[in-house]
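Chain B: place on chain A using the hints.
Sequence lines, in order, name chains A and B.
Heads up: the first sequence begins at 885 in the numbering used here, then just goes up one per residue.
Heads up: the second sequence begins at 77 in the numbering used here, then just goes up one per residue.
Derived from the structure by calculation, the hints contain no laboratory data.
Bear in mind that the values here come from a model prediction, so they are computed numbers and not experimental data.
Ideal placement from N, C-alpha and C gives every residue a C-beta, glycine not left out.
Please note that a few of the clues may not be correct.
As the list claims (entries may be wrong) - Here are some chain A residues pointing at chain B (derived, C-beta under 7 Å):
1) VAL966
2) GLN983
3) GLY988
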Amino acid sequence: GNSVTQMEGPVTLSEEAFLTINCTYTATGYPSLFWYVQYPGEGLQLLLKATKADDKGSNKGFEATYRKETTSFHLEKGSVQVSDSAVYFCALPNSGGYQKVTFGIGTKLQVIP
Amino acid sequence: GAGVSQSPRYKVAKRGQDVALRCDPISGHVSLFWYQQALGQGPEFLTYFQNEAQLDKSGLPSDRFFAERPEGSVSTLKIQRTQQEDSAVYLCASSLLGREQYFGPGTRLTVT
Numbered sequence: 885g886n887s888v889t890q891m892e893g894p895v896t897l898s899e900e901a902f903l904t905i906n907c908t909y910t911a912t913g914y915p916s917l918f919w920y921v922q923y924p925g926e927g928l929q930l931l932l933k934a935t936k937a938d939d940k941g942s943n944k945g946f947e948a949t950y951r952k953e954t955t956s957f958h959l960e961k962g963s964v965q966v967s968d969s970a971v972y973f974c975a976l977p978n979s980g981g982y983q984k985v986t987f988g989i990g991t992k993l994q995v996i997p
Numbered sequence: 077g078a079g080v081s082q083s084p085r086y087k088v089a090k091r092g093q094d095v096a097l098r099c100d101p102i103s104g105h106v107s108l109f110w111y112q113q114a115l116g117q118g119p120e121f122l123t124y125f126q127n128e129a130q131l132d133k134s135g136l137p138s139d140r141f142f143a144e145r146p147e148g149s150v151s152t153l154k155i156q157r158t159q160q161e162d163s164a165v166y167l168c169a170s171s172l173l174g175r176e177q178y179f180g181p182g183t184r185l186t187v188t
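Looking at chain A on its own, in the form it has when it is part of the complex (with noise of 0.2 Å):
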């Protein structure tokens, strides 16, 4: 079955350091890539997705390039902000039509002023 690994936290950072959190996959085939993330006190949105191999996700001036010769998807960020001080999720969606998502243990981020 779909598996995901991922850095486990928390990260600590200051403010305007560059961020990675590493994440790899197992699947069968070539899902889709997703990253989530949770602020404080509300659900989970999706941050970026990547559908195929060698797309790069972005959004919110995070990116993540789905790399299918090491099986990852590593979130990055050039100059973290406190606002982005939450918990990220790598997830796959499984290959049926209404695509179950498998997520990774959750990586806490605090950015510090």
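Just chain B now, with coordinates in the frame of chain A:
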């Protein structure tokens, strides 16, 4: 409403009590999912509805868990005879068929 809503937001139950958690999906969304998120973990799939049909209940951890969506809109997740290991956040998500899932804020269940 504009998004997925869930109620109650917080629920405390004594061990052995039955609980019912409600999800109001986005209007017109055919697909509805329930996930369970234990503390410090990612969400784990429980069950899936397409309209009123429960097509996948492979993630339900025991026969104490039951979900329904009788009219293809609002859904209820019921947990009978709650146990401490049921303590978690229960997330509901809805989507158009095969499209992006929109999540509700979740219901935090604490079993004492």
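Hints, verified against the model:
no., hint, in the structure
1, VAL966, "22 Å, violated"
2, GLN983, "6 Å, holds"
3, GLY988, "5 Å, holds"
Violated hint: 1 only; the structure is consistent with all others.
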